[in-house]
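> Modelling step: build the complete structure from the supplied sequences, incorporating the hints.
Here is what each chain is made of, one letter per residue.
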Amino acid sequence: MVAERTGFANNLLAVSLFFPVPPAAPGAWMTTKSAHIDTTVEIVTPENIAFHYQVAGPFRRLPAFMLDLLIRAGLYTFFMIVFGLAGAFTSMAGIMWGATMIIWFLLDWFYGGIFETWMNGQTPGKWVLGIRVLSIDGQPINGIQAIMRNIMRTLDMMPVFTCILGLVAMSLNRRFQRIGDIVCGTIVVVEERKWLTGVAKMDDLRVAQLSNYIPADYQVSRTLAKTLAAYVDRRRFFSIPRRREVARHLAEPLLVQFGFPLDTSYDLLLCALYYRTFVADRSNDERIATEFGASPFTPAALADATTQAAQNPFDIAPTQTGS
Amino acid sequence: MKVADLLEQRRKNWQELEWLCERTQMRRKKNVPPAMLSRFASLYRAACADLALADSYQLPPNTVAYLHRLVGRAHNQLYRSRDFNYHAWGQMLLVDAPRRIFNDRCVQLSFVAFWGIFILSAFLAYSKDLWPAYAEHVLTEAKIEELETNFAEPIKGRDPQLNFIMAGFYIRNNTGIGLKSFAGGILVIPGMIISIFNAAFLGASFGYMARPDVPQGHNFLHFVTAHGPFELTAIVLSSGAGLRIGISWLSTGGLTRESSLRKTAVDAMPIMGAAIGLFFLAALIEGFLSPSSAPYWIKAVVSILSSGLLMFYFVVLGFPRRGDVF
Numbered sequence: 001m002v003a004e005r006t007g008f009a010n011n012l013l014a015v016s017l018f019f020p021v022p023p024a025a026p027g028a029w030m031t032t033k034s035a036h037i038d039t040t041v042e043i044v045t046p047e048n049i050a051f052h053y054q055v056a057g058p059f060r061r062l063p064a065f066m067l068d069l070l071i072r073a074g075l076y077t078f079f080m081i082v083f084g085l086a087g088a089f090t091s092m093a094g095i096m097w098g099a100t101m102i103i104w105f106l107l108d109w110f111y112g113g114i115f116e117t118w119m120n121g122q123t124p125g126k127w128v129l130g131i132r133v134l135s136i137d138g139q140p141i142n143g144i145q146a147i148m149r150n151i152m153r154t155l156d157m158m159p160v161f162t163c164i165l166g167l168v169a170m171s172l173n174r175r176f177q178r179i180g181d182i183v184c185g186t187i188v189v190v191e192e193r194k195w196l197t198g199v200a201k202m203d204d205l206r207v208a209q210l211s212n213y214i215p216a217d218y219q220v221s222r223t224l225a226k227t228l229a230a231y232v233d234r235r236r237f238f239s240i241p242r243r244r245e246v247a248r249h250l251a252e253p254l255l256v257q258f259g260f261p262l263d264t265s266y267d268l269l270l271c272a273l274y275y276r277t278f279v280a281d282r283s284n285d286e287r288i289a290t291e292f293g294a295s296p297f298t299p300a301a302l303a304d305a306t307t308q309a310a311q312n313p314f315d316i317a318p319t320q321t322g323s
Numbered sequence: 001m002k003v004a005d006l007l008e009q010r011r012k013n014w015q016e017l018e019w020l021c022e023r024t025q026m027r028r029k030k031n032v033p034p035a036m037l038s039r040f041a042s043l044y045r046a047a048c049a050d051l052a053l054a055d056s057y058q059l060p061p062n063t064v065a066y067l068h069r070l071v072g073r074a075h076n077q078l079y080r081s082r083d084f085n086y087h088a089w090g091q092m093l094l095v096d097a098p099r100r101i102f103n104d105r106c107v108q109l110s111f112v113a114f115w116g117i118f119i120l121s122a123f124l125a126y127s128k129d130l131w132p133a134y135a136e137h138v139l140t141e142a143k144i145e146e147l148e149t150n151f152a153e154p155i156k157g158r159d160p161q162l163n164f165i166m167a168g169f170y171i172r173n174n175t176g177i178g179l180k181s182f183a184g185g186i187l188v189i190p191g192m193i194i195s196i197f198n199a200a201f202l203g204a205s206f207g208y209m210a211r212p213d214v215p216q217g218h219n220f221l222h223f224v225t226a227h228g229p230f231e232l233t234a235i236v237l238s239s240g241a242g243l244r245i246g247i248s249w250l251s252t253g254g255l256t257r258e259s260s261l262r263k264t265a266v267d268a269m270p271i272m273g274a275a276i277g278l279f280f281l282a283a284l285i286e287g288f289l290s291p292s293s294a295p296y297w298i299k300a301v302v303s304i305l306s307s308g309l310l311m312f313y314f315v316v317l318g319f320p321r322r323g324d325v326f
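Going down the list, the sequences are from chains P and Z. Taking our numbering, I'd label the letters of the first sequence as residues 1 to 323. Taking our numbering, I'd label the letters of the second sequence as residues 1 to 326.
Honestly, I wouldn't trust all of these hints.
What the hints assert, rightly or not - No more than 30 Å apart at the CA atoms, straight line, and that leaves these computed lysine-lysine pairs for DSS-like: (1) Z/12 to Z/29; (2) P/201 to Z/12; (3) Z/128 to Z/143; (4) Z/12 to P/226; (5) Z/143 to Z/156; (6) Z/180 to Z/143; (7) Z/12 to Z/30; (8) Z/180 to Z/263; (9) P/226 to Z/2; (10) Z/29 to P/201; (11) Z/2 to Z/12; (12) P/194 to Z/2; (13) P/226 to P/201; (14) P/194 to Z/128; (15) P/194 to P/226; (16) P/194 to Z/29; (17) P/194 to Z/30.
As the list claims (entries may be wrong) - If we take Cβ atoms under 8 Å as the criterion, some of the chain Z residues that face chain P in the derived model are: (18) 7; (19) 14; (20) 53; (21) 55; (22) 80.
Since the hints were derived computationally from the structure, they do not count as laboratory data. Virtual Cβ for every residue (Gly too), placed ideally from N, Cα, C.
Here it is in C-alpha cells:
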C-alpha cells in the first residue's frame, strides 16, 4: 500500500533534491527501531534523512479518544436540536429525524476516518493531545487507512467496551499498535513542540580559565562530547557531593593525563572541557585569563577571597573523606 | 566553528521553521501562499542538513532531540494526507468490488454457508415432522410471540413521516451490524459463529412464518419480499469480507502475518464498500416500499429486479477479465 506523495510535497521535491546521493524511489520511506531503549521509531525518508518519532502510548491516546467522544456527543446534540427545530417548524419532522439518524450513523462510524483524512492524521482530540496518525513508514495516511482503522475500533473495544483486545494488542508489539493499526499499517506518534535549549552558560570565570590549561592537542571524542553535554545539562539538579561522585570517574584519569594537580575540582574540570568543546573562543579566553589574573589551581584561597562559598557552584576543596 | 556560535546562527532559522509549521498546520494546501511555501522548503532542507550533520557538528544531545522533533513536525506538514479520491470510489465500487466478490473464495464460502444454513434452517422450522421443536429451540417462544404480534395486522401503509424515520433507523442499525460483523471477522471463530447464528435465526423465522397454519405468515412475506435480496446479500458480503481478513493472518501466502493483514485489508475494503451500498438501498426499500400498501406483485417485481441487478453486478461486472490479478 503505497500512498502517492501529495501535490504539495511534489512542488517542494522539485527543488529539494539537495543530497548528492540519488533519491530512492517514491515510497521508499523506511522505519526501523532506533537503537535507544525507548518508545521511539526512526524514519528514513527518500531524501535520506533519518529522524526519530516518539510513539504515543495508551495513556495519551485514551484521553484523546475520550475528548473525541465528547465532541461527537456535542455534534450529535447540535444536529438533533437543529433538525428537531427545523422539523417542528416545517412539518417535515420525519425527514429531519431520518436525517438525524443518518448523521448519528456517520458520526459513529466515520467521524475518525473523515477527520484523520482531512486534518492530516489528526482528529480534534488528537490535535489537542498533540498526537498524529502516520503510516508505519512515516508517510501520511490515506483515506482507506483512516476509515479502516476507525471501523476496526469496534473490535479493539471488545469485549463490551473494555478495550481489552486493543490493550493486549498494544502491549504485544513495540509500536503500541492496536488491532486497527496493525491491519492498516499505521502508528500514532507524539508531535509536540520541544523547546530549544542552547549551550549551557558558564558564568564562573574559572571555567574559561581552566579550559586554557587543557592541552591544545587534546581531541574531545564524539562520545565524550555527548557525555559532557549530558553531564552539564543535569549537574544543576545534583548536590555538590553528588557532582563529585558522578564526575570523578571521568575526571580522575583526565587529571593524570593533563598533569593537573589531583585536588582540582572534578566538576570544574568537566565544565572546562565542556566549555572548550562547545563554547570556547580562544582569543576571548586569553583576555579573560589576563583580566582574572589568578590561577585556577589555588582553589581554596579563591574560595576564601570571594566569600561566596554558599553560592559557589563548584566543589572547591576536595574534602579528604574516607574514600 | 564552535557549537555555541553555530546554534546562535541557526536558532533564527529553526524558530522561523517552527513558526511556519504553526501557520501551515491549519491551512489547506492551496491556501498556503507560494512565498511561504518556498521559504518553508528551504528552511526544512536546512534543518534536515543540520540534523544529518549533527554528529559531526557535535551538537549536544538535547539540541539533537529538538531537531528530531522539529524535522518530524515539518515533515508532517510537507507530506500531507490526501483528500478522499471520490473518482476512485466509483472505480472501486463498480470495477474492483464485483471482480473481487466474484473471485473471492471467502465470499463464496460465506455465501454458500449462509444460504445453506438459511435454507436448511427454514426447512427444519417449516416441517413439523423432522424436528418438531426446532423453531421453538432456535427462535425461542418470546421471539415467536413478538413476530406474531408484529405481523398480526395486514400491511396497509403508514404515515410517510414515519417512513423517513424508519429508513434512517435501518441505515444506522443494519449497516452498523454489517460493519461489526466485518470488524469481528478478524477473529475468525466468533465471526463465523455470529454468521451461522444469524443464518439459522433468519432461516427459522422465514420457515416458521411460511407454515400454512400461521396466519401472520402472509403479512410477513408481504413485508420482507421487497428488501430481502439486498439486505441478505449485504450481510453475506460483510461477513465474507471479514472472513477474508481473518483468513489472511492464518494463511499468509508467504508474507509475514502483519503484511498479509495489511494487504488483505486494502483488498477487502471494496467488498465492504459494496455491502454498505447495498445496506443503504435495502434500508430505503425497507423504509418506504415494504410497509406500504402497494399490492404484493409490485413488491415481488422489485424483489426480482433487485436480484437481477445483483446478478448483473456480480456476474457481468465481476466476470474475470484477461489480465486480472487477484
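> Please go over all the hints and tell whether each is borne out by the structure.
Verification of the supplied hints:
no. : hint           : verdict
1   : Z/12 to Z/29   : 25 Å, holds
2   : P/201 to Z/12  : 19 Å, holds
3   : Z/128 to Z/143 : 19 Å, holds
4   : Z/12 to P/226  : 24 Å, holds
5   : Z/143 to Z/156 : 23 Å, holds
6   : Z/180 to Z/143 : 23 Å, holds
7   : Z/12 to Z/30   : 27 Å, holds
8   : Z/180 to Z/263 : 20 Å, holds
9   : P/226 to Z/2   : 15 Å, holds
10  : Z/29 to P/201  : 41 Å, violated
11  : Z/2 to Z/12    : 17 Å, holds
12  : P/194 to Z/2   : 23 Å, holds
13  : P/226 to P/201 : 17 Å, holds
14  : P/194 to Z/128 : 75 Å, violated
15  : P/194 to P/226 : 19 Å, holds
16  : P/194 to Z/29  : 25 Å, holds
17  : P/194 to Z/30  : 28 Å, holds
18  : 7              : 5 Å, holds
19  : 14             : 6 Å, holds
20  : 53             : 11 Å, violated
21  : 55             : 6 Å, holds
22  : 80             : 5 Å, holds
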